[in-house]
Amino acid sequence: MAGFRCLAQKVRDPRIVTPQRRTALRKCVEKFAPYGHRATWDHLCARVGIGPEDRYPEPARLVAALAELSEARTVWLAYDAEFAARRKREKLRGLRRPSTLDDWHRCTWGGCGVAWCDDPLRHPALPLPEAMRRLVAALRSEPGAACPVCSRQDALVWRPGLRHQPDGGPVCTGCGIAVPEPVLTAEAVAAARRRERWAALV
1 MAGFRCLAQK VRDPRIVTPQ RRTALRKCVE KFAPYGHRAT WDHLCARVGI
51 GPEDRYPEPA RLVAALAELS EARTVWLAYD AEFAARRKRE KLRGLRRPST
101 LDDWHRCTWG GCGVAWCDDP LRHPALPLPE AMRRLVAALR SEPGAACPVC
151 SRQDALVWRP GLRHQPDGGP VCTGCGIAVP EPVLTAEAVA AARRRERWAA
201 LV
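Residue numbers are given in our numbering: position 162 of the sequence shown equals residue 162, and the series is strictly consecutive.
Worth flagging that the hints you see were computed from the coordinates, not collected in a lab.
Every value quoted in this text rests on a predicted model; they were computed, and no experiment measured them.
Relax, there's no trap hidden among the hints.
If you anchor each label on the Cβ, the simulated ranges turn out as follows:
{"id": "1", "residue 1": "G94", "residue 2": "G51", "range": "53 to 63 Å"}
{"id": "2", "residue 1": "A46", "residue 2": "L77", "range": "22 to 32 Å"}
{"id": "3", "residue 1": "T74", "residue 2": "C107", "range": "17 to 27 Å"}
{"id": "4", "residue 1": "D167", "residue 2": "V63", "range": "28 to 38 Å"}
{"id": "5", "residue 1": "R152", "residue 2": "C107", "range": "18 to 28 Å"}
{"id": "6", "residue 1": "E30", "residue 2": "A190", "range": "29 to 39 Å"}
{"id": "7", "residue 1": "A64", "residue 2": "G168", "range": "29 to 39 Å"}
{"id": "8", "residue 1": "G3", "residue 2": "C107", "range": "16 to 26 Å"}
{"id": "9", "residue 1": "L126", "residue 2": "A78", "range": "18 to 28 Å"}
Pairs of lysine to aspartate or glutamate residues, derived as DMTMM-like cross-links and limited to a Cα-Cα distance of at most 20 Å, are as follows:
{"id": "10", "residue 1": "K27", "residue 2": "D54"}
{"id": "11", "residue 1": "K10", "residue 2": "D54"}
{"id": "12", "residue 1": "K10", "residue 2": "E71"}
{"id": "13", "residue 1": "K27", "residue 2": "E68"}
{"id": "14", "residue 1": "K10", "residue 2": "E30"}
{"id": "15", "residue 1": "K31", "residue 2": "D80"}
{"id": "16", "residue 1": "K27", "residue 2": "D42"}
{"id": "17", "residue 1": "K27", "residue 2": "E53"}
{"id": "18", "residue 1": "K27", "residue 2": "E58"}
{"id": "19", "residue 1": "K31", "residue 2": "E71"}
{"id": "20", "residue 1": "K91", "residue 2": "D80"}
{"id": "21", "residue 1": "K88", "residue 2": "D103"}
{"id": "22", "residue 1": "K88", "residue 2": "D102"}
{"id": "23", "residue 1": "K91", "residue 2": "D103"}
{"id": "24", "residue 1": "K31", "residue 2": "E68"}
{"id": "25", "residue 1": "K10", "residue 2": "E58"}
{"id": "26", "residue 1": "K27", "residue 2": "D13"}
{"id": "27", "residue 1": "K31", "residue 2": "D42"}
{"id": "28", "residue 1": "K91", "residue 2": "D102"}
{"id": "29", "residue 1": "K10", "residue 2": "E68"}
{"id": "30", "residue 1": "K27", "residue 2": "E71"}
{"id": "31", "residue 1": "K31", "residue 2": "D118"}
Every residue gets a Cβ at the ideal spot worked out from N, C-alpha and C, and that includes glycine.
When you get a sec, could you build the whole thing from the sequences and use the hints?
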């Protein structure tokens, strides 16, 4: 099975017909889909101005979508390598008990779903690399009270039954991502749970 870099070469190759280049881009999204496959594809299409079902988009737009996806992937892979190195150091020191961040990280193989959007048509509007930089900055920092991508505090609501793992957690109603619980303070998580209960009563 072809890897991301091999598929990316096909997207860029002008000798390949457009529908095959589009298919290669879709397969790149299967390899790295931070919002989930459908939401990431919808985001890229919106960003470069192609229809999600368009079989013959302009090749330049496909390449632009690939560039955005590749840059975001580079940001995530750098963090992922840093995370793996830290865990290795901790294990050498005898710290084998996983943290909540470690538990969350296990659900993000290859960077898929790191900023899961349960509604594939609702995702952050800012460029994907910037969203990844903000998420990674939050993962490296102390827990906060706001969405790491759009910075809204009052938009976090606890949602059970997400089509992802973990299958429940705080979701930002501002930008649509499921916020990794380890980046939030206990107070922010509790406030999100209260908003869920309030919404159920209304």
